[in-house]
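Undergrad: These are the residues of each chain, in order.
Number of protein chains: 2
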Amino acid sequence: MEESVQSEYFELLKFKSVGADPECFRDCVDCASWLRRWLGKLGFEGEMLYQEVSAANGGRMPPPILFAERKGDEGAPTLLVYGHYDVQPADPVSEWKTPPFEPTVDNGRIYCRGAQDDKGQFFAFLCGVRDYLAGDGPRPTLKVVLEGQEESGSTALEQMAPSLRRRLAADVLLVCDTGAASGLRPAIIAGLRGVSHFTIRLSGPNRDLHSGEYGGIAPNAAQAMAELVSSLHLRDGSVAVAGFKDGIEPPVHDELKAAEVSAPTKEELEKDIGCESAGGQLGKTIVQRLCFEPTIEVNGIHSGYGGPGAKTVIPCEAVAKISMRLVPGQTPRSAFEAVRRHLEDNVPRGMKLSIEDYNPGASGFRLPLASPLFRLAEHVLGEMDERGPVFVWDGASIPVISAIREASGAAPLIVGWGQSEDRIHSPNESYSFVQFEKARDWARRIISALVG
Amino acid sequence: MEESVQSEYFELLKFKSVGADPECFRDCVDCASWLRRWLGKLGFEGEMLYQEVSAANGGRMPPPILFAERKGDEGAPTLLVYGHYDVQPADPVSEWKTPPFEPTVDNGRIYCRGAQDDKGQFFAFLCGVRDYLAGDGPRPTLKVVLEGQEESGSTALEQMAPSLRRRLAADVLLVCDTGAASGLRPAIIAGLRGVSHFTIRLSGPNRDLHSGEYGGIAPNAAQAMAELVSSLHLRDGSVAVAGFKDGIEPPVHDELKAAEVSAPTKEELEKDIGCESAGGQLGKTIVQRLCFEPTIEVNGIHSGYGGPGAKTVIPCEAVAKISMRLVPGQTPRSAFEAVRRHLEDNVPRGMKLSIEDYNPGASGFRLPLASPLFRLAEHVLGEMDERGPVFVWDGASIPVISAIREASGAAPLIVGWGQSEDRIHSPNESYSFVQFEKARDWARRIISALVG
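Protein chains in written order, with numbering that gives the first Met the number 0: chain A, 0 to 451; chain B, 0 to 451.
Next comes chain A alone, as it looks inside the complex (with noise of 0.2 Å):
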C-alpha cells in the first residue's frame, strides 16, 4: 500500500464514530465531511442528508447520511456504492491491546476499531474506484451513499430511503460489508434471508401472586408464555404456524448444489457452537436449515423471579421477544400476520396477549444464479483467485440492503473481503494489508468489467 493510501485510511480509522454514542455525533459529523471532501477530489458532489428530528428516531439526530454523485459517460451504467461509516463501541477497552482509534500496524495487519467494519472495507473499495479513475477507461456515472448508523439499525437511511429513489437510482448496487469464505475464497453473496421483531406480552392476575395461597387456582403467566411460545413449533423442530410459509420459495438443485461448496460441515458448525446443531426442522441439511428456510427465534423470555434462592410466587406476566428470519416469496407483513393469528389463536386461559414493538424490518432476497451480473462477477473474481468465488446465501440480514435494492433498482453485487480473525465488534479488531488490497483491487476489476 502506497503511503498516501495508509495515511488517508489512519486519517479516516482515527474518527471516533460510533454512530449509536450521542457523544460522537461530532466524530461523526466530521467523518462524512472528510468523506465528502476526500470524495471532491475524485470529481464526486457531495451532500449530507440529515434526517429530520422526530419521534421516529428518538427526538435525536441521527449521524448525517453522505450522498455523493460523479456524473460520468451518456449511456454508461449507474453504479451504487453502499457502505457505512459508523463503527460499534470500543467497549470493553481494557481489553484493547492498542489504543481502539489509534491505528496501529502489527504483523500485517491494522488494528483500530472500524479497520475493517465498514471502514477498512468500503475505503479500499473507494480506493479502487480512485484508481479505476485514474485510468483512461469509459466513465460510469458513479454514486456513493455512506451512512453513519449501521451498526446500531440504519433507520434514517431506511426511512429516507423511499424518498431518495431518484438520487439513488442505478443499475448496480456494489457492497463491500461482508466476509470471502475462509482462506480468503472470493464469496459472493447470492441471498440474504429477511428479518422481523416483535414482543409478545402476557398478563393475567393483576399482581404476582403467593404461590400456596393461588396456586391451583391463578393462571400462572410464565407457564403461559412457556405454552404459547413452545406452541410456535413441532416437536421435528418446524414451525407451526399456518400460513408462515405460503408461498416461499425453495431453493433450485443448481443453488442447494452451490451451497454447499462453502457451506460449514456439521462438525465444524458443532465445534464452533459447542453443542448439537439441534436448531430447525429434523431431516433438512444444514444449508436447506440455514440458508433456504425462515425461522421463529425467541430471543427472550422474561417473567416472575430469577434472583438467588426462591420466591414462590405466581408471575402476572411475561415478556417474550421474538425474531423472525424470512426468504423470498415471505414478506414481512404476511409473516406477522400469520404469527399474529396463531397466537392470537392459541392465548392460554386467563391470560391477555399483547403484541409490541413490531419493526418490520427487511424482506429477504435472492438473486438468479444465473444473471449475467453473476456471471461477470464469477469470471472477474476466477481472475484475481483461481478457485473462484464461492456463491453464500447468508442465513443474516442486511436490512438496509433490502431498503437500499428497493429504493434504487439495482442489482445487489454484495462482495467483501472479511475473515473471522479480523474479530469485528469485538476488541482488537483488525484487517490485513492483503485484504485491504483485495477490496481496492475487486473494485477497480469490476467497473472496468461492469463499463467494459
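Every clue listed holds true.
As the list makes no split between identical chains, a pair holds if one copy fits it or if it spans any two.
In silico lysine to aspartate or glutamate, DMTMM-like type, Cα no more than 20 Å apart, as pairs:
1) Lys351 - Glu266
2) Lys40 - Asp135
3) Lys310 - Glu150
4) Lys310 - Glu157
5) Lys283 - Glu269
6) Lys15 - Asp90
7) Lys70 - Glu46
8) Lys13 - Glu101
9) Lys351 - Glu275
10) Lys310 - Asp90
11) Lys351 - Glu269
12) Lys351 - Asp271
13) Lys270 - Glu212
14) Lys265 - Asp207
15) Lys270 - Glu420
16) Lys13 - Glu150
17) Lys351 - Asp235
Worth flagging that the hints you see were computed from the coordinates, not collected in a lab.
Use these hints to put chain B onto chain A, whose structure you have.
TA: Positioned in the frame of chain A, the structure of chain B alone reads:
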C-alpha cells in the same frame, strides 16, 4: 386491655427485630431476652438457642431461638406454643403513616410493624396463658418456642428441630400466626400444603448466537425451556408428570363439605386476582384445586434479551424457578424425584439440564376432622362465637410447623385471629384491640379445656 398489658405489648413492638437484616441482630437478641424475662416472671425457665455458624446459614449467625418451659402437674398434658418474634422489614418506610416501630393507636387499632404478625398474635396468646395461670386450674406443662427467622425461612429452627426432640416433645402444638375467617369468625387450620422448590437450568450453545447466522442450526435455550416447562402440564391444566400424584390421599366428603364453608366463590376470587381463575385442572372445583391438589408452579423464567427494542439473539442459557405445593401422601422427595425424572426424560435436543438449589421444604399435612382435639376446639370456639369455627385447608405452607410437628410429636391446633385489613407484610400493619382480646381469650379457654 389493661394499661399494663398495653405497655408490655408496645415495649415488645418497639424492638426492631427484622430477622433477615444483619443490622438488626442485636435488636433480635434484645427482643428474645425481653421475652425470656417476661416468661420468667410466669415461672418459665428460658434458654437461648443459637445455631452454629456454618455454610448452611451462609456463615452468619441467625437470631436466637427462645425456648422456655414451665413444668406442670404430674400427668397433666404438655402444651407447646410456637410463635416468631421476628418481623418483616418496614420497607417502603415512606409509605408508613406513622413510624413503623412506634406503636400508634388509632380507632381501636394498633399500628406498628409486627402489631399482628406475629408479635401481636403470639403475645396476646401468651397473655391468655398468663390469665390462665392466674387462676387455680390444673397446671399443664407449658413449653414456648419463639424463633427469630420465620420471615426469612426458619432455617435455624427447621435444621435444629430434630435435635430438639426432647425439649419440644408435647401433646398439643398451639400456633397463633394465621387468620380468622371474614368477620372475625374463628378458623381452625385443618391442613396445610407442603412446599419444595428448585431451579432448572438449560445450557445449549457456548454463547448467545446471532439469530441470522445460526437460526435454523443452533438450538435455542429460551425455546427449549418453554418446551420443557410446558411439558409439565397437560392441556387441561393437570400435572403431566408420571408418578407425581402417586399415593396422594383424596379428601373425604366431610372435608370437601367443610372446606366449602369458608372457600371464596369464583366471583370473589376473580375480583381479587383480576383475571379468570384458570389455574389448576379443568373440571375440578376451586376447593379441590386450592386445598387438596398438589401443584407445580413456574415462579420465573429468564433467558436471553429482555430490554427495550430488539436484540436478535439465540439465547444460550435459560433458567426457570420451580416450586411445588404438596399434599398428604406425597413427600418432598417422592414429588421431586418424579419431576426430576420427567425433566431428564424431556430435555430438548441440544440442551444440557442441571437442577440446582433443591430445597426439600416440607410435607403437607391434614388433621382428621373427627379428632377429639378438633371437637374440643370447635366447642371452645363455639362458646366464643355463636357461628362456630370454620375449618380451613390452607393452600399455603408453614414449613416450620411441619418440622416442629414432626420433632414434637404434637397434634397442631392452629388458630389465629388475623384479618386482611391488618395488612401484614405491607406498610401500616395493624392489629385491633378486639383481635388481641380474642386471641388472649382463646388461649385461656383452650388451655382450660385441654387440662380440664
